[in-house]
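Work the whole structure out from these sequences, hints included.
Chains as they are written, first to last, in my numbering: chain W, 140 to 402; chain X, 31 to 440.
These are computed hints drawn from the structure, not numbers from a lab.
Keep in mind that a hint or two might mislead.
[Said to hold, decoys possible] Per the computed footprint, the stretches of chain W lying under chain X, defined by three or more beta-carbons under 8 Å from a beta-carbon of chain X, are: (1) 210-217; (2) 297-306; (3) 318-330.
[As the list claims (entries may be wrong)] Derived Cβ-Cβ restraints for the label pairs, each shown as a range: (4) Asp344(W) / Asp362(X): 39 to 45 Å; (5) Lys170(X) / Glu397(W): 42 to 48 Å; (6) Asp299(W) / Gln51(X): 29 to 35 Å; (7) Trp82(X) / Asp299(W): 46 to 52 Å; (8) Gln51(X) / Thr230(W): 39 to 45 Å; (9) Leu66(X) / Arg153(W): 38 to 44 Å; (10) Leu66(X) / Thr171(W): 39 to 45 Å; (11) Thr307(W) / Trp255(X): 27 to 33 Å; (12) Lys284(W) / Thr80(X): 55 to 61 Å; (13) Ala386(W) / Asp306(X): 44 to 50 Å; (14) Lys340(W) / Gln51(X): 35 to 41 Å; (15) Asp362(X) / Gln283(W): 25 to 31 Å.
Ideal Cβ placement from N, Cα and C applies to all residues, glycine included.
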Amino acid sequence: MTRIDAKFADLRARGKKAFVAYVMAGDPDYATSLEIVKGLPGAGVDIIELGMPFTDPMADGTTIQLAGQRALAGGQTLDLTLKMATELRKTDQTTPIVMMGYYNPIFSRGVDRFLEQAKAAGIDGLIVVDLPPEEDTELCLPAQKAGLNFIRLATPTTDDARLPKVLTNTSGFVYYVSITGITGAAQAQAGDVAPEVARIKAKTDLPVIVGFGIKTPETAASIARVADGAVVGSAIVERIGRGDSPAQVLEFVRGLAEGAHSV
Amino acid sequence: MPDDLINSFMTGPDENGRFGQFGGRFVSETLMPLILSLEAEYEKAKTDPTFWAEMEDLWKHYVGRPSPLYYADRMTKHFGGAKIYLKRDELNHTGAHKINNVLGQIILARRMGKTRIIAETGAGQHGVATATVCAKFGLKCIVYMGAHDVERQAPNVFRMRLLGAEVIPVTSGRGTLKDAMNDALRDWVTNVRDTFYCIGTVAGPHPYPAMVRDFQSIIGKEVRWQLAEQEGEGRLPDTIIAAIGGGSNAMGLFFPFLDDPSVNIIGVEAGGKGVDDRMEHCASLTGGRPGVLHGNRTYLLQDNDGQILEGFSISAGLDYPGIGPEHSWLHDVGRAQYVSITDVEALEAFQLSCKLEGIIPALEPSHALAHVMKIAPTLPADHIIVMNMCGRGDKDIFTVAKHLGFDMKI
Numbered sequence: 140m141t142r143i144d145a146k147f148a149d150l151r152a153r154g155k156k157a158f159v160a161y162v163m164a165g166d167p168d169y170a171t172s173l174e175i176v177k178g179l180p181g182a183g184v185d186i187i188e189l190g191m192p193f194t195d196p197m198a199d200g201t202t203i204q205l206a207g208q209r210a211l212a213g214g215q216t217l218d219l220t221l222k223m224a225t226e227l228r229k230t231d232q233t234t235p236i237v238m239m240g241y242y243n244p245i246f247s248r249g250v251d252r253f254l255e256q257a258k259a260a261g262i263d264g265l266i267v268v269d270l271p272p273e274e275d276t277e278l279c280l281p282a283q284k285a286g287l288n289f290i291r292l293a294t295p296t297t298d299d300a301r302l303p304k305v306l307t308n309t310s311g312f313v314y315y316v317s318i319t320g321i322t323g324a325a326q327a328q329a330g331d332v333a334p335e336v337a338r339i340k341a342k343t344d345l346p347v348i349v350g351f352g353i354k355t356p357e358t359a360a361s362i363a364r365v366a367d368g369a370v371v372g373s374a375i376v377e378r379i380g381r382g383d384s385p386a387q388v389l390e391f392v393r394g395l396a397e398g399a400h401s402v
Numbered sequence: 031m032p033d034d035l036i037n038s039f040m041t042g043p044d045e046n047g048r049f050g051q052f053g054g055r056f057v058s059e060t061l062m063p064l065i066l067s068l069e070a071e072y073e074k075a076k077t078d079p080t081f082w083a084e085m086e087d088l089w090k091h092y093v094g095r096p097s098p099l100y101y102a103d104r105m106t107k108h109f110g111g112a113k114i115y116l117k118r119d120e121l122n123h124t125g126a127h128k129i130n131n132v133l134g135q136i137i138l139a140r141r142m143g144k145t146r147i148i149a150e151t152g153a154g155q156h157g158v159a160t161a162t163v164c165a166k167f168g169l170k171c172i173v174y175m176g177a178h179d180v181e182r183q184a185p186n187v188f189r190m191r192l193l194g195a196e197v198i199p200v201t202s203g204r205g206t207l208k209d210a211m212n213d214a215l216r217d218w219v220t221n222v223r224d225t226f227y228c229i230g231t232v233a234g235p236h237p238y239p240a241m242v243r244d245f246q247s248i249i250g251k252e253v254r255w256q257l258a259e260q261e262g263e264g265r266l267p268d269t270i271i272a273a274i275g276g277g278s279n280a281m282g283l284f285f286p287f288l289d290d291p292s293v294n295i296i297g298v299e300a301g302g303k304g305v306d307d308r309m310e311h312c313a314s315l316t317g318g319r320p321g322v323l324h325g326n327r328t329y330l331l332q333d334n335d336g337q338i339l340e341g342f343s344i345s346a347g348l349d350y351p352g353i354g355p356e357h358s359w360l361h362d363v364g365r366a367q368y369v370s371i372t373d374v375e376a377l378e379a380f381q382l383s384c385k386l387e388g389i390i391p392a393l394e395p396s397h398a399l400a401h402v403m404k405i406a407p408t409l410p411a412d413h414i415i416v417m418n419m420c421g422r423g424d425k426d427i428f429t430v431a432k433h434l435g436f437d438m439k440i
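Written out as structure tokens, the structure reads:
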């Protein structure tokens with residue numbers, strides 16, 4: 140049982156939905172970013188998504204693109220992102236950490252070496268946007284073997300014929316992308332999302348978490364009502380980007396978590 | 031060198047879209063179903079005579095194919111070595127080889143019922159070709175172009191707008207071709223249901239590299255029979271040379287000759303200010319290492335942490351930190367040789383072509399020509415070089431004037 144599995148078992152036992160928060164590692168600099176990350180569990184975050192900055196984030200909107208650029212300009216590296224996880228693990232042994240990003244920095248490091256380092260740093264799962272099931276031998280299968288969850292994205296274009304392929308080899312949870320589009324774009328609609336979540340849940344026992352287009356505590360609540368949890372990324376990153384203090388950012392996160400937990 | 035089909039260099043990619051370790055389908059899940067349906071549609075079209083009949087009709091009557099294979103006699107005499115032929119793809123409608131591929135993709139898009147076409151462009155040649163074919167078929171066309179390129183390729187920007195396309199300047203990154211491709215992918219993922227992404231080079235997720243190569247292969251196929259017509263039945267070129275950014279004109283010339291062991295194949299990358307550790311160049315094969323970007327694994331300019339570096343070249347069309355995956359494979363298996371040429375060398379070749387042959391070349395093929403200048407004098411008179419003159423230089427005269435210190439203000 141991974142930390143992710145344990146977290147969902149605990150949430151289920153308490154009748155609660157999951158609140159997942161995304162931040163870009165190293166944004167705007169290592170120290171500030173670490174302070175925010177360390178504060179996330181206390182603000183009600185159930186699972187932390189730690190963004191790995193990349194020069195060419197093809198599935199991300201402007202907000203997360205700029206966050207990646209700030210982090211890289213601030214000297215963030217893959218080593219420092221792993222170090223952030225190591226630091227968090229000194230004070231928190233239960234909050235799952237999922238690294239999210241693109242494949243090239245991992246491929247460049249070497250898959251085996253990366254998995255060993257991620258495991259040692261206390262990482263629990265990976266979301267790699269540009270690795271569909273067709274490329275499972277690259278990282279998905281080695282990651283599962285190393286004991287890390289490989290969390291897959293399902294999207295509105297994933298039809299019934301394709302869904303089983305997407306669910307095979309997925310572990311931890313399924314991340315349903317609420318819109319066809321990039322991060323930080325259109326507002327997610329619970330009415331559109333509900334049947335899609337039901338469609339996925341009919342085919343898997345894994346929890347289904349919904350992300351993209353969730354910006355407010357109200358939307359977090361409406362989405363959590365129809366799924367196993369909600370992810371917020373761009374709305375948090377935007378506040379970091381405009382220079383809010385870690386305390387202000389965490390206060391905003393607390394509101395979102397309360398929204399998701401209110402149902 | 032292979033002498034049977036089992037060892038052929040022409041069978042790639044495999045069913046996973048791989049050329050050896052290169053290629054693949056590294057895209058987000060949203061795009062994956064569309065990529066698979068595109069592959070199915072292309073596989074169907076490939077063996078459909080009506081598809082090729084439509085292509086051939088348009089190539090002949092709209093593009094002006096076949097493009098001439100021209101014996102450059104003054105250039106040959108000037109170097110006093112190998113016999114130099116130029117494949118005149120700069121004479122195509124829209125002034126470059128790009129339209130060969132665009133026609134194929136737009137016909138496919140129409141078959142798939144897509145009504146909105148998006149494209150990325152560097153030098154603007156692919157954007158102009160896409161805007162042109164969209165105008166011809168009455169399709170909506172949106173072209174993403176790096177803001178830096180919008181500035182240095184102003185004539186092509188105006189051309190696209192005249193043709194009814196919307197040109198969107200891309201300001202992310204350094205505002206060049208790589209960034210334009212990122213934004214085109216973001217558009218595609220957002221408008222996946224009605225939009226067709228018309229990629230301009232032999233890169234991107236499978237099936238694009240193979241599909242674009244197949245459409246561009248008309249270049250090499252024509253060279254085969256044209257050379258035989260001029261030099262005698264069965265005569266093959268001894269060396270074929272083309273410039274490489276993503277590598278579509280080169281793949282189009284090379285592919286039909288891959289299994290002819292006597293043909294020496296040379297790709298010319300943009301060396302910018304020189305291929306050294308300052309990395310002010312676009313020579314992915316000479317100065318990069320394998321990585322994953324824009325849907326495929328290929329050689330990339332990147333730092334130690336896997337972050338992609340910006341390329342540098344005087345030529346907007348070559349200014350890309352990657353290269354088509356089939357080139358990476360041909361490089362690794364040693365079937366083709368890849369060299370680099372600097373901005374300064376390309377400018378010299380540009381001027382020489384104007385003065386000796388009355389042909390104003392684009393800066394992209396000027397790189398290939400600069401390598402011809404290097405090797406032609408060292409080769410015997412019965413050695414035949416065929417170089418792909420893949421684009422004309424009208425779009426580049428402002429850039430060249432600036433570098434030569436000529437004031438264009440009247």
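Okay, the hints, checked on the actual structure:
1. Beta-carbon proximity to chain X at under 8 Å applies to 3 residues in the stretch 210-217 of chain W; the threshold of 3 is reached and the given coverage holds.
2. Here's how the stretch 297-306 of chain W fares: 4 of its residues keep a CB closer than 8 Å to some CB of chain X, so the rule of at least three is met and the hint holds.
3. By the rule of at least three residues with a Cβ nearer than 8 Å to a Cβ of chain X, the coverage given for the stretch 318-330 of chain W holds, with 4 such residues.
4. In this structure the hint that Asp344(W) and Asp362(X) lie 39 to 45 Å apart at CB holds, the actual value being about 44 Å.
5. Range check, Lys170(X) to Glu397(W): Cβ separation about 44 Å, and the 42 to 48 Å hint holds.
6. Checked against the given bound of 29 to 35 Å, the beta carbons of Asp299(W) and Gln51(X), roughly 33 Å apart, stay inside it.
7. Here the CB-CB span from Trp82(X) to Asp299(W) is close to 35 Å, at odds with the stated 46 to 52 Å.
8. Here the CB-CB span from Gln51(X) to Thr230(W) is close to 42 Å, well matched to the stated 39 to 45 Å.
9. Range check, Leu66(X) to Arg153(W): about 41 Å between beta-carbon atoms, so the 38 to 44 Å window is met.
10. A beta carbon spacing of about 43 Å between Leu66(X) and Thr171(W) agrees with the range 39 to 45 Å that was offered as a hint.
11. Separation of Thr307(W) from Trp255(X) is about 49 Å and departs from the stated range, judged on CB atoms against 27 to 33 Å.
12. Separation of Lys284(W) from Thr80(X) is about 49 Å and departs from the stated range, judged on CB atoms against 55 to 61 Å.
13. Range check, Ala386(W) to Asp306(X): Cβ separation about 48 Å, and the 44 to 50 Å hint holds.
14. At roughly 37 Å, the beta-carbon separation of Lys340(W) and Gln51(X) lies within the given 35 to 41 Å, and the hint holds.
15. Taking 25 to 31 Å as the suggested C-beta distance range, the pair Asp362(X) and Gln283(W) conforms, at roughly 30 Å.
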